[in-house]
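These protein sequences, in sequence, are chains A and B. FYI, the numbering for the first sequence is 1 to 252, going by this note's numbering. FYI, the numbering for the second sequence is 253 to 818, going by this note's numbering.
No lab work stands behind these hints: they were computed from the structure. All C-beta atoms in this analysis are idealised placements derived from N, C-alpha and C, irrespective of residue type, glycine included. Each statement offered as a hint is correct.
In silico DSS-like cross-links for lysine-lysine, where the CA-CA straight-line distance does not exceed 30 Å:
#	chain 1	residue 1	chain 2	residue 2
1	A	K142	B	K604
2	B	K582	A	K201
3	B	K335	A	K141
4	A	K74	B	K335
5	B	K491	A	K141
6	B	K531	A	K141
7	B	K335	A	K40
8	B	K603	A	K141
9	B	K337	A	K12
Among the chain B residues that face chain A by a calculated CB cut under 10 Å, a handful are:
#	residue
10	M324
11	S325
12	P326
13	D328
14	M329
15	R330
16	N580
17	N581
18	K582
19	P598
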Amino acid sequence: MRVILESKVRAKPNLPIEAEAIIPRNFLKGTDLVVYEGNKERTLSELFWIFVEGTAVAPENIEVILKGDTSRIKRVGEYMDTGSIVIEGDIGMHCGNFMSGGTIEIRGNADSWLGREMRGGTILCRGNAGHYCATGYRGEKKGMQGGKVEVSGNTGDFCAEYLAGGTVHIHGSAGDFPGVEMRGGELIIEGDATRPCGNMKSGTCVILGTVHDMLPTFEKIERRVLPAWKITADVYRGDVANRGKGTLCVRC
Amino acid sequence: MTELWVKNACVIDPIRGINGEIMDIAIRDGRIVESVSDRADVIDAQRCLTLPGGIDSHTHVSGTKVNFGRYMSPEDMRAGRTKRKGKMHVTSGYYVPTTFGNSYRYSAMGYTTLLEGAMAPLEARHTHEEFTATPHQDMMANTLFDGNWAVMDAVREKDVRKTAAVVAWTLKAARGYGIKLTNPGGTEAWGWGEDLTGIHDMVPHFAVTPAEIITTMIRANELLKLPHSVHLHCNNLGKPGNYQTTLETFELVPDLNAARQTLYATHVQFHAYGGGTWKNICSKAEEITRSVNSKPQIVMDMGQIMFGRTMTMTADGPMEFNLHCLHNNKWSNHDVELETGSGIIPVTYSKKSAVNCIMWAIGLELALLTKNPYQCLLETDNPNGAPFVKYPEVIGLLMSKRYRDEECATLAAGVEQRTSLCALEREMDWHDIAVMTRAGQAKALGIGSQGKGHLGVGAEADIAIYPIRTDSVDPAREYRKVVEGFQKTRYTIKRGRVVSRDGEIIVDGANATFWVDAKVPEDLKMENDPEFIKRFEQFYTVRMSNYPVQDVYLPRGRRIETEVFT
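So that you can see chain A by itself, here it is in the shape it has in the complex (with noise of 0.2 Å):
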């Protein structure tokens, strides 16, 4: 089954709206949703052109597409355990909180916090994610626990903070203090990055870039060859100033 949410326009378009009900799960009942435009309760129907393509027995077999100006949209997947959600333009912040399941595809750019605690599922955005991509909560000491999260673009700052366990590759470069405080999981970035890893606890982070401002409480224990990623890097330890075990390489 297909369902089409073409967003309607709206007199005041910066509002934001919150749409954690937008999950493939729900739509198994009807499209008859909740969601709210600033703090007024809205139907789904009356922000959106909704249009439903064949049926479907179970939730894994339904794709949400959102098409228009998505941009001010927040929370789309959250908690969303299967199915999948493709996303035409951008798409606001908090896009796959606490996801379990299932795959969102952005084709535009993705506001901050997207994948927040994220615990399985894949999400790839085709272009830009904005600040604490793949991140945890502020002050929760486990960010991502699992899934994947891919960006094609780049990143803003603090991507995959207290990354706990999954897999996040940034294609392009990461804004500031990416990876900080992580706990495990695997941080790729193929562009540059500034500050990574500070705090570290566990986990490994590979930079194919340049690293600026490398951090100093960082020990270098060898030269090897990546053979995953045809680079010969080098391989810090760290974060020594808080007793981290954690692997950072960076191409050299």
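Use these hints to put chain B onto chain A, whose structure you have.
Below, chain B without anything else, positioned relative to chain A:
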């Protein structure tokens, strides 16, 4: 004139010697009276358990320390969210909730009076501001003197009168209620980069020992005739083997007051550890309670821990630093100029940790081994041991051996060998619980004369009616009913108004803040003491004239005056 008639109440009022009588209570204008007219509103208590409003004699709900706990734990604000509803504000948080969250949840449990355990005088304004936003409980603030420079100078000179004068001035300036000593001397020593290991170590730069601070403060407290005694958090909190320090401290305490204790030792669970390391830590609750049972001048409270996530916050900075080294988690420490310090870190008490399980058992042992329930009060040092919403579970554990055994079966190995909890058969009754949650507190805090903690004529009409029928519930077997019953009152009445019904707040509160104006002879007034003023202006970052809390911070302040000593 507002009148209320509570009929068919099964009253337990230990201070007046009433134990489970079915009676009616008449209330007029916030006070309990002999009788009311027939125009009064009527509440039928249906023979449910009716107690004086609960009193928490040591909790951390207001002030800079608590608020920094909120700052540090944004993740906690995801828990316990409730929407605005009727008179209720939005609340959030579990172990460091918003002020209204604290107030509503205490009120739902039938608590009407709270003592904030530690207020740094310099930061008193913040505490009082949060008191006004904790509207359903009358508040008091224990004021920290553990590292007060002027006090330590007076102690070194062995001048009890001068010590009393400094205390009186500071209490009035901070609008505080009583004397709190938190790791006396230790926090100050730590401010200079050193640590004290016992009560006879010298505090650097001040040439006094914790033992001298404690004994002199006790004498100063009694000289000033303060309603509450010295409120002590002993040295060496949370260190294996610290029970020796606690026993030594108890030995120092003379019996100076016939009406109440001379020393209130708080969260003694954290001070009753044997062994030498975290590997061989064991319970010394028997030694501690043997000492307390023979000393009527001491009252302690449990400091029970309950399993789960919480936040530790105390003025005991060095202890929090040691704890931080153990957990390697986020951490805050703070030094308060010439007064004290503080530390805050989050912790999780786990059933998988043998140390945590032993701590859990020690708290219960202390309560069960203390013969007189007036000498061991129920609290968790909220939120250090557990958030106060766990009190009903603590009550359940104290009342039911079966509940304790079931809990023990789920704990890490070692509890049976290293504590005596499993061998204790005692099951507390309703009267013991009433003592440990209100009557004992009222007596220990000296607020019986303010009309707290009892339901006699003239008392403040603070009443909690729990949905428990004591004649049909057997707490030993049906402990779940007990726990549920104490979680939510049917009615909580505060100063003659029903504030909470079945856990829902139905009015805006109007609490009072009690503070003590201790009188001293004219020649001992600190505001006229040139040496005191000189030191103050030299070392504080504020001027002495800007230091005292203005009355505007206490919109409903209630001043308790003491007599002048000679």
